[in-house]
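Undergrad: Spelled out from the first residue to the last, the chains are:
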Amino acid sequence: MSVADNPNVPSFLVLHLGTRRVALSREEVAELIASPLLYSFPHTTPLITGVVMRRGRILPVLDLGHCVLGEPSPATRFFLVVERKISGATEKCAIPVQGGCELVTGIMTPEADQSGFVAGWLDLNGEQIEVLDLEKAIATATRGYTASAAEVTV
Amino acid sequence: MTPPANSGPAPRDTRPREQVVVFSIGEFSFAISAPSVQEIRRTDSLGGAVVELDRSALRKVRHIVERDERSYYVVSGYEHFHLSVSRPTTVLILRDAPVAVLVDRIEEMAEMRVLLHLPRSFCGEERIWYRGLTVLGRKVLPVADSCGFLTAAELQQLEEQNPGLLQTAATSAHERQRG
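Those sequence lines, one after another, are chains A and B.
Here my numbering is used: the first residue of the first sequence is 1, the next is one more, and so on.
Here my numbering is used: the first residue of the second sequence is 1, the next is one more, and so on.
Source of the hints: derived by calculation from the structure; they are not laboratory data.
Virtual Cβ for every residue (Gly too), placed ideally from N, Cα, C.
Among the hints, erroneous ones may be present.
Short derived list, chain A residues pointing at chain B, Cβ under 7 Å [what the hints assert, rightly or not]:
{"#": "1", "residue": "Glu-31"}
{"#": "2", "residue": "Leu-32"}
{"#": "3", "residue": "Ser-35"}
{"#": "4", "residue": "Tyr-39"}
{"#": "5", "residue": "Phe-41"}
{"#": "6", "residue": "Thr-44"}
{"#": "7", "residue": "Val-51"}
{"#": "8", "residue": "Ala-119"}
{"#": "9", "residue": "Gly-120"}
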């Protein structure tokens, strides 16, 4: 049995955020959707750029470009639906991605410095792909937002 | 087996309905429950009923307005929602709070058939601003909470900085009417 066929080998979804390729654990990802309309309205939550409708449900859109690229992701109509656990409940969120995603299996090399939002690294034919820890990425962006807001206030 | 066609009247839509006022500030549209709005006026028709506050603890509140023996804090909608561009021409005088909200314009009256919870991922001030989200004409709109324009703490802050101002303004307006 090859590594790819082995259900015990973890799988990951490799996605495009702007010019970067990063990966998320397959367990966090529900589906890839195409949604033509992003609805935005005023709010103060970092990373959220609006909401999309999916089967009559409203999904908040979390733009990881802010923490991975240091700027908003380019406009897109493709979103990766992920599940987050918030206050003991599960909520689906949409992450804007550019183009298709690739399902890969492999062994992740854990990141030595666990203070950041990179959980580890995947070796894909010699290319080192960052595996993101979604909740840490959101927490990091939130801290950055709070810090910059404080700078403005002072 | 498929159910027989035309076997009876179509089931009635029993979802709760609520009349809402759809208004805009800058590029954004919002809905607010129609019963929570007492009066809608153009800003240029308020005339001498507007009093400028000497001091205000809140940037979004700079005036009070007197209407029918009651006084209201005038909340700038665009300051409240942290927007940068706005041309307020209309004021919504609210029923449930001593608040009048400056908005750019009224878009329409509509019937809201669904009020969805704001997703938990939203964790900022919007949890105070909105009752939830609704879908009107294929658009998702936030539904403003009439009690969210000024929180109890903000009202207390304004009252402490301008003690008895709302009461005084209401009394003087009443006396002017009697005189």
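Undergrad: It remains to establish, for every hint, whether it holds in the given structure.
TA: Now the hints, each set against the structure:
no.	hint	in the structure
1	Glu-31	violated (17 Å)
2	Leu-32	violated (19 Å)
3	Ser-35	violated (12 Å)
4	Tyr-39	holds (4 Å)
5	Phe-41	holds (5 Å)
6	Thr-44	holds (3 Å)
7	Val-51	holds (6 Å)
8	Ala-119	violated (20 Å)
9	Gly-120	violated (25 Å)
Comparing the model with each earlier hint shows violations of hints 1, 2, 3, 8 and 9; every other hint is respected.
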